[in-house]
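Novice: Here's the letter readout for the chains.
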Amino acid sequence: MWGLRISSMLWLSLLVVVLLVLPLVVTSRFAIDIFIRILLFAFIGVAWNLMGGYAKQLSLGHAAYFGLGAYTSTILQIDFGISPWIGMVAGGVVAMLASLPIGALCFRLRGPYFAISTIATAQVLMLLFLKFRDFAWGAEGTTIPNLGNAPLMMQFEAKAAYYYIALGLLAIGLAITYRIERSWMGYYLVAIGEDEDAAEAIGVNAPKVKREIYMISAFLTALAGTFYVQYIYFIDPNTAFSFNISVEAALVSIVGGVGTLWGPVIGTVLLETTSALLQSWLGSGFGGIQLTVYSLILIGVILWRPTGLLGVFIEAYRRIVRADPSKQAALDG
Amino acid sequence: MAEALVIKNISKRFGGLRAVQDLSFTVKEGETLALIGPNGAGKTTSFNLVTGFYRPDTGSVSVFGREIVGLRPHDVCAHGLARTFQVAKPFGAMTVLANVMTGAFLRDKKPDGARKRAREAIEFVGLTAKEHTPARDLTTIDQRRLEMARALATDPRILLLDEVMAGLNPTEIDQAVALVGKLSKRGLTIVIVEHVMRAIMAVARHIVVLDHGQKIAEGSPNKIVANPDVIRAYLGTGYVHVATPGAT
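Protein chains in written order, with my numbering: chain Z, 1 to 333; chain H, 1 to 248.
Bound conformation, chain H alone:
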């Protein structure tokens, strides 16, 4: 399988804080990779580095072989890499349809064509009934759906989802998990930042763990949950021996 997204040695400092240090990982085409780690580990910063919102101090990011470091966010999106935001950012004054059409205009500048693309994306995430609702009136999960539809309307090959399940109740998490699975089946390469472990186990077969801006582990979900470094990062040193006797 081709390499969809290759991140090599990217670093970013904010003053004295090393937000991301020497981070490398590769996402294969069609796979779903989860990026996890405690709060402040640098997950969202990594997303911002990849999507052009921040410029890495060092390192390279390539999308299907094309270097994208230094491109502005809209150019990154035009290269087929779309994202959602941790705090949903709907265009509140616009209807759901207008929101998604705004994304669709990237590939088709004609309103009729964009409307058609937008309707497909809206149907895909299951928001068709609320097409004419102003985005500011949507519930949390529907705002997340809208964000996904808007990203989808830009016709991406890689989708970065930043905590799409935060703040959802268990039923809604199941719906969101199903939706991510559906996106993956469609052939999209997905990178997902998430705290909800149940969701990660359900969608990802490849996990990268960050702590203090560094990658501390990478592998399949089963390997990750047994990894002493991961347990230390999440729960503290005292718990490591409980999970893996003799490891300390």
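So that you can see chain Z by itself, here it is in the shape it has in the complex:
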């Protein structure tokens, strides 16, 4: 209905095999780095999409949760020696708890006002971490102590290990989305996104549903934050609470198709690949030319296909299937 209803397990298993084998075949560190970025941002997009896509609550402040996840696990690791694997979950819980007061404030507003207020929450958190130096290293940030190959502390010499963690996160995010999409919650989210009053009138507790999905979304985003600082071995407020994270989370979903299972993944593959390739081709030329081309591509996609690229693929698929009546039944089922 909203997701890609091509329930052929064959394609999915093929995709999984390719993704699992990929780092064994591709050995270029540059390529693996791009893959990791794609998986990570696809995961952040999937987390954002639960709230921003299905329930159409356009948050531009998900960096708040990314940063809280990153800082929680880093503080636990450096100050208390606790493994980032545990810190990751702790960060998720901190983000979940933070989403309650933030949601209570921001959900009073609707539409663009909601979006602006979420930007403010991420900025406020960034400023707090900048100013309170004793608490978490202030503007200088800190490097994460390199322990060599320490899987229990989420540190690996092989880049492929990070790839598999990111892949695992994305798989978790997609599985959660899949479950939610097919349950009452998925229907309630779309209903709230379509018309909150009409949803309330038929028994949907809109504030509660929004609060719950915001908590899930914040939790997942925080996991990405922990992973990211472990991957780059560095944290400071500008990295952890970067506005770019918030924008990217929304952008990959919007380009790929909001409120769809695979939309954020497709959006990230397109945007990250384009951006990486442009950077390596044009990066040494005129200053900023790669950003200009990137922006033009973005404008093109949004003008040409405002519902996202997934819609294009589904339509193309339908057209092919319609030519072959024997496959039509499979599509409806």
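Don't take every hint at face value.
With a straight-line cut-off of 27 Å between C-alpha atoms, the simulated DSS-like cross-links for lysine-lysine are [to be verified]: (1) H:K130 with H:K185; (2) H:K182 with Z:K208; (3) H:K223 with H:K28; (4) Z:K210 with H:K110; (5) Z:K56 with Z:K159; (6) H:K185 with H:K223; (7) H:K28 with H:K8; (8) H:K110 with H:K130; (9) H:K116 with H:K130; (10) H:K185 with H:K116; (11) H:K110 with Z:K208; (12) H:K223 with H:K110; (13) H:K28 with H:K130; (14) Z:K56 with H:K110; (15) H:K130 with H:K109; (16) H:K8 with H:K223; (17) Z:K208 with H:K116; (18) Z:K56 with H:K109; (19) Z:K210 with H:K28; (20) H:K182 with H:K223.
DEER-style ranges, computed between Cβ atoms [stated by the list, open to error]: (21) Z:L303 with H:L17: 41 to 49 Å; (22) H:H195 with Z:V293: 27 to 35 Å; (23) H:R115 with Z:R29: 47 to 55 Å; (24) H:K110 with Z:I232: 40 to 48 Å.
To be clear, the hints were calculated from the coordinates, so they are not data collected in a lab.
Positions of the beta carbon are idealized from the N, C-alpha and C atoms, including for glycine.
On the provided structure of chain Z, position chain H as indicated by the hints.
Specialist: Chain H in isolation, oriented as in the chain Z frame:
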């Protein structure tokens, strides 16, 4: 017969405007009551007050003996009081079935159970053929049918219908009247806001007339059409003597 919906002295002001003043009426279980009045009389506001979208400044509303003032709309719905909107509000991106299932989830959180309930409601309003149509592609009357099916799927005991016949052609009005009659036969208590007099006469045996937020008359259809206050409210003072000679 039991009292299904008891509205006592509810009032609502918006700034200086008294939208509803001291309104009271009672709907008995199983009856169909029509709420009529000129534009701006406070009919839709009354619906919003009863269903929790607005909170009355004063007064009480009870559903089968339970006070519901102060409850949020979804709680009111859970108490068995469902409504439709004057301007239909379908979830456009969803199919008809998904729309109605969303309502059905109130009573059954399992998709299979909700789907079954939803299909029953869809069949009841006669939309089965369009089950998989996206709601935004429906015609006006089908959108109204969808609204009724969605409300019905929440398993209400009382149904508030807000101008379900506005914008329909005469044939469609007959269909809608038949549908309201069918709902009533099913045992539902119905409150209907309507402008189409032909429809009101066909479905309601009890009418409440509002003007400027106040109840100006209440009674059977025959009594209402002869009531000088009602004629004054609808047509102006000059017409009163025509309908009831000597009344002025």
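Novice: Run every hint past the structure and note whether it holds.
Specialist: Against the structure, the hints:
A distance of roughly 25 Å separates the Cα atoms of K130 (chain H) and K185 (chain H); the hinted pair therefore holds under the 27 Å criterion. Restraint check for K182 (chain H) and K208 (chain Z): the C-alpha separation of about 35 Å exceeds 27 Å, so the hint is violated. For the proposed pair K223 (chain H) and K28 (chain H), the alpha carbon gap of about 19 Å is at most 27 Å, so the pair holds. Taking the CA atoms of K210 (chain Z) and K110 (chain H), the gap is near 20 Å; set against the 27 Å cutoff, the hint holds.
With a CA separation close to 36 Å, the supplied pair K56 (chain Z) and K159 (chain Z) exceeds the 27 Å bound. About 24 Å separates the Cα atoms of K185 (chain H) and K223 (chain H), which keeps this hinted pair within 27 Å; it holds. Straight-line distance between C-alpha atoms of K28 (chain H) and K8 (chain H) comes to about 14 Å, which keeps the hinted pair within the 27 Å bound. A threshold of 27 Å between alpha carbons decides the hint, and for K110 (chain H) with K130 (chain H) the separation of about 23 Å falls inside it, so the pair holds.
Restraint check for K116 (chain H) and K130 (chain H): the C-alpha separation of about 16 Å stays at or below 27 Å, so the hint holds. For the suggested pair K185 (chain H) and K116 (chain H), the alpha carbons sit about 22 Å apart, so the restraint of at most 27 Å is met. The hinted pair formed by K110 (chain H) and K208 (chain Z) meets the criterion: a straight-line CA distance of about 19 Å does not exceed 27 Å. About 49 Å separates the Cα atoms of K223 (chain H) and K110 (chain H), which puts this hinted pair outside 27 Å; it is violated.
Restraint check for K28 (chain H) and K130 (chain H): not satisfied, since their Cα atoms lie roughly 35 Å apart, outside the 27 Å limit. Among the hinted pairs, K56 (chain Z) with K110 (chain H) is consistent with the structure: their alpha-carbon atoms are about 24 Å apart, no more than 27 Å. A C-alpha spacing of about 24 Å is found between K130 (chain H) and K109 (chain H), which places the hinted pair at or below 27 Å, so the restraint holds. Pair hint K8 (chain H) plus K223 (chain H) holds up; C-alpha atoms about 23 Å apart against a cutoff of 27 Å.
Restraint check for K208 (chain Z) and K116 (chain H): satisfied, since their Cα atoms lie roughly 26 Å apart, inside the 27 Å limit. Distance restraint check for K56 (chain Z) and K109 (chain H): the Cα-Cα separation of roughly 22 Å lies within the 27 Å cut-off, and the hinted pair is therefore satisfied. Restraint check: the Cα-Cα separation between K210 (chain Z) and K28 (chain H) comes to about 37 Å, which exceeds 27 Å; the hinted pair is violated. Only pairs whose Cα atoms come within 27 Å are accepted, and K182 (chain H) paired with K223 (chain H) is accepted, the gap being roughly 25 Å.
A hinted range of 41 to 49 Å holds for the C-beta pair L303 (chain Z) and L17 (chain H), which are about 44 Å apart. Judged by the Cβ atoms, the range 27 to 35 Å given for H195 (chain H) and V293 (chain Z) is violated: they are separated by roughly 58 Å. Roughly 50 Å separates the CB atoms of R115 (chain H) and R29 (chain Z), a value that falls within the hinted 47 to 55 Å. At roughly 44 Å, the beta carbons of K110 (chain H) and I232 (chain Z) sit within the given window of 40 to 48 Å.
Hints 2, 5, 12, 13, 19, 22 from the list above are not met by this structure, while the remaining hints are.
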